[in-house]
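Asker: Chain residues, written in single-letter form:
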Amino acid sequence: MDWLIAHGIVGRSDLPIPEWLFGWAAALVLIVSFVALAVLWPEPRLEGDRGWRRLFGLPQLPVDVVCGAIGVFLFGVTIWAGLAGAEASAANWAPTFVYVIFWLGFAVGSVLFGDIFRAFNPWRAIARAVAGVAKLARGGTLPAPLPYPERLGHWPAVVGLFAFTFMELAASDGDLPRNVALAALAYSAVTWIGMALYGIDRWIERGEAFSVYFNLFSRISIWERRGRDVGVRRFLSGLAALEPLPGTVPLLAVMIGSVTFDGASEGKPWVNIAPDMSDFFQDVGLSPENALMVTYTIGLLFVIGIVYGFYRLGIAGARTVGGGFDSDRLAKAFVHSLVPIAFVYAAAHYMTLLLFQGQAIWFLASDPLGEGDDFFGTADRAIDYSLIGANATWYWQVGFVVAGHICALILAHDRALALYREAREAVRSQYWMLGVMVGFTTLALWLLSQANQ
Amino acid sequence: MRAVERGQRIGLILSAIVLAAVAFLILRPDDEDDPAPTSQTTTVEQSPQGEPTATVPAPEPEPEFAVIRIRDGGVQGGEQRITVEKGDVARIEVRADISDEIHLHGYDLYRDVTPDKPARFKLKADIEGVFEIEAHDLGHVIVGTLVVEP
Chain E
1 MDWLIAHGIV GRSDLPIPEW LFGWAAALVL IVSFVALAVL WPEPRLEGDR
51 GWRRLFGLPQ LPVDVVCGAI GVFLFGVTIW AGLAGAEASA ANWAPTFVYV
101 IFWLGFAVGS VLFGDIFRAF NPWRAIARAV AGVAKLARGG TLPAPLPYPE
151 RLGHWPAVVG LFAFTFMELA ASDGDLPRNV ALAALAYSAV TWIGMALYGI
201 DRWIERGEAF SVYFNLFSRI SIWERRGRDV GVRRFLSGLA ALEPLPGTVP
251 LLAVMIGSVT FDGASEGKPW VNIAPDMSDF FQDVGLSPEN ALMVTYTIGL
301 LFVIGIVYGF YRLGIAGART VGGGFDSDRL AKAFVHSLVP IAFVYAAAHY
351 MTLLLFQGQA IWFLASDPLG EGDDFFGTAD RAIDYSLIGA NATWYWQVGF
401 VVAGHICALI LAHDRALALY REAREAVRSQ YWMLGVMVGF TTLALWLLSQ
451 ANQ
Chain Y
454 MRAVERGQRI GLILSAIVLA AVAFLILRPD DEDDPAPTSQ TTTVEQSPQG
504 EPTATVPAPE PEPEFAVIRI RDGGVQGGEQ RITVEKGDVA RIEVRADISD
554 EIHLHGYDLY RDVTPDKPAR FKLKADIEGV FEIEAHDLGH VIVGTLVVEP
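Same order as they appear, the protein sequences are chains E and Y. Per our numbering, residue 1 is the first one in the first sequence, and the count goes up by one each step. Per our numbering, residue 454 is the first one in the second sequence, and the count goes up by one each step.
Calculated from the structure, these hints are not laboratory results.
With a straight-line Cα cutoff of 30 Å, these simulated DSS-like cross-link-like pairs (lysine-lysine) come out: (1) E:K268 with Y:K539; (2) Y:K539 with Y:K570; (3) E:K268 with Y:K577; (4) Y:K539 with Y:K575; (5) Y:K577 with Y:K539; (6) E:K268 with Y:K575.
Rough simulated footprint, nothing fancy, chain E against chain Y, three-plus residues with beta-carbon under 8 Å: (7) 468 to 480; (8) 575 to 583.
Virtual Cβ for every residue (Gly too), placed ideally from N, Cα, C.
Between the sequences and the hints, there should be enough to build the whole structure, so can you do that?
Answerer: This is the structure we're talking about:
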């Protein structure tokens, strides 16, 4: 009974944060929230702030070509290792690269350095190269792409992200190298079809799951590239400038819900329920493997639904204070405040995975197939698990969660000031948003206190 | 929005910081009060399966190994949890009715087990965290976890 199917590549898991720290952090969250209500600014500051200070120029084409080539090369290595290498998740390059370096590394990189994935995106690089060649062959022009249907919004990205988290957390053998490579190929096909239909840039902005995901996180950063220039903007103003589309709220629900489920699946309640559910599905005729997969998929969908429902509940509450907005409009208006929460959920939950399993990439690079090669002389390296102790991990985790809470409060507060004509309505709507934020933050802390118990 | 004076704001923030710091100090367990480092705290739940053979306690040499028993393709009493404190010596013994290779993750130790000879791990627990103990041939089943607390 391997309940840790999702963690086929993990050598060390986190200890649960102790009760006293949980209590202290929860108290801190409440103190912070009430102080925020009193001291936050009375006029919107982030709204409409498109201020930006140029720092240096960056030649666009060479950067795109070099970074794109690196992205395509790593993508190629991953497919090759996944298909041709040893069928063992820990010994093969593909699972660690996809689930740790790419998925978590770019999330952290986006917050630190801005939207760097755009330059490294292998699908974009290949599509642009193909478009360039096609343009030459056709003598200078390409047929214009179809207009992107407004109602589609971020929905393709919602489906893509859910499919990825399904592979990561619910699919049996989702961590096996071959399955990783096949999923990457299937996703490539969908991506290039989307790009061919609606244009490369449009699809990157709205449909390509990873571009949309990393772009959301990059909006937390102060770095912004405009054309050939790189500059800095006011902290969090990138999120205030986010244009919510159909599907943006479900997208955030998938982002927060999947990490929540991953955390909750380590805790006692789920560990107690899952075998019973799995037994039930075996009784109806599923194989043990499929029964487990169905069980985990239901758990994943259920938690995503809870996250979505909880946010909509807060929005329904905020609607009662007046202002005459429909709930869909309000849900979109405040969705950007969930982005820092989504990031700190991932950061707190996956920090040690990135720090420890991330080290594995050094020896996997020397032996990507897991067949005993040693290309760079690093194949014998081991993971240094003493890099960060349990106490330091706990403080970082709590620090991330509280910081995300503060960012979310600031964003929601600023938006409320811009949205409501009456200052009193703005403040009263924030009681509801505050409830949502405190709920999400306490949930994050609770999950950390339940980890691996 | 209620107008709050600049001085009031700073005062509020300062008092909040003081409040948070006080809460931290009160809730944080005082390391100094801890008794001298305890000896190995090994906890293994023995859950008898109703089999009479399980009631015979084998006389173990001191200090005791925490025992994980693999039988009929599963772990007796479910996945075992062995808790030690950092710096202590962890002693884990895996007995099985099959031959297998047992892998202690993180510390990356491998020991062979046969029906005649148990796999014995004896290690200084100097890395904190939760580490899986896995039976490789049994379909990579997790038979137990080693928990090293700070």
